[in-house]
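J.: Protein chains in written order, with the UniProt record's numbering: chain Y, 1 to 252; chain A, 1 to 252.
Derived by calculation from the structure, the hints in this document are not laboratory data.
One copy or two, either will do: identical chains are not told apart, so a pair holds if it fits within one copy or between any two.
Using 30 Å as the maximum straight-line C-alpha spacing, the simulated DSS-like pairs for lysine-lysine come out as follows: (1) LYS119 / LYS37; (2) LYS40 / LYS119; (3) LYS119 / LYS243; (4) LYS243 / LYS226.
The structure displayed is predicted, hence computed values, not measured ones.
Residue-level listing of the chains:
Number of protein chains: 2
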Amino acid sequence: MTQYKVTLAYDGTNFAGYQVQPHQRTVQGVIQAALAKMTKQPTFHIDGSGRTDSGVHALGQVISFAYPGRLAPASMLAALNSLMPLDIEILDVAIVADSFHARYSARGKRYLYRVALGKYTDPFKRLYTGHYPYRLDVARIRVALADLVGTHDFTSFAASGGVITDKVRTIYEATVTEDAANHELRFEFYGNGFLYNMVRILVATLLEIGNGRRPEHDFLRLFAVKDRQQARGTAPASGLYLKTVYYPEDDE
Amino acid sequence: MTQYKVTLAYDGTNFAGYQVQPHQRTVQGVIQAALAKMTKQPTFHIDGSGRTDSGVHALGQVISFAYPGRLAPASMLAALNSLMPLDIEILDVAIVADSFHARYSARGKRYLYRVALGKYTDPFKRLYTGHYPYRLDVARIRVALADLVGTHDFTSFAASGGVITDKVRTIYEATVTEDAANHELRFEFYGNGFLYNMVRILVATLLEIGNGRRPEHDFLRLFAVKDRQQARGTAPASGLYLKTVYYPEDDE
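All chains should be built: construct the whole structure from the sequences, respecting the hints.
T.: Shown next as structure tokens:
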């Protein structure tokens, strides 16, 4: 058996999320079916770095699996890509230590969130951005982003349904870039882990701060109250991209 | 009655083309339904500058119609956009002379064709480009594009099914731009008119020339032979955009 680490991109539009579900088209399901075919096994199991919801995209999702036999990374990449639908692209393949696990070995993740500005939805961006047609003061958003950096209890920013009880996470970087040419804001969040829907709730709250509907430093209050009802919004799945998953180099 | 000229963008992916067809979702059908609703009429007719096929996009399609009553252009724009699905955006509304007709008044059109390079299909471009994974010599393509400019008989480049017998058209500009950052080629064609599938057949032929499978000056031979069988390829609909429709200023 050889352990593989595979990095992939996908357009989440036509998937019912990453995680395998009966009778649904999922990223995990499509890749497992390809590997079952390659190995002539009835089923095949892969581990992902984490789930992404329906409509959420990935620029650098990571999966790992144990493969019976040993294919050179370039051959594995070509074989997998030949079996992928057009909305998944295998970007990179590496042979890693047997102990490598896409989820348990991960030390951090980086998410991108694209917000399309402008009064009306750009038809070419509707599946790839969240649309925010209202006034935004980016200076206020930058003040709020500074409050996000550090170690905080993100209970107010976790959708119900998660089974995780420890909701303390560390954000290393939280930035916004104005892409004037494309009439977009691009948020990036780099942290040691993210709760269910956390990035989308953070973005919705940041947009409310930018619009003046919340005080600039409302994150400080929201960390303290630990109440999801206080941070109600969730930005659309279509704007969210899992950009990078980070691993310690010595795991690979 | 007031005559309106309306410019719009659409993502052609989920439309069965521009032209209305029974039991199909079409751009014309969606807009006519909106105007029927606005005017409380059972049906409403609009004229488009021309058809686009299923999967073909528009950055600046133009339609015209006679509206009972008179709405200020900004009000018409807001009213129409409020009734549009997310894959159509109304960009501009103008009140024009009663004689203005989106098709008959048009003096020229500009098309964009985006070709994604690279070995594998980028999941985020599959609906918005044609993919060409093979070697291309852009210098050869530029030589061929120079042959296209001018007045020629495009019989070799017209898909069957058209009813038009005069296949002489004038191309004013035919260019290619290398977008290295996005790993794309972008073709633009500006001419006085285009036959059915003509741009997609031209692009397929240009890529064959760039790949070395046809001589650099093969367009000169193809103009002379007037035989569609000699220019067999048709580039995918997903890469094609109707970019601009040109009208004489005094029509408006």
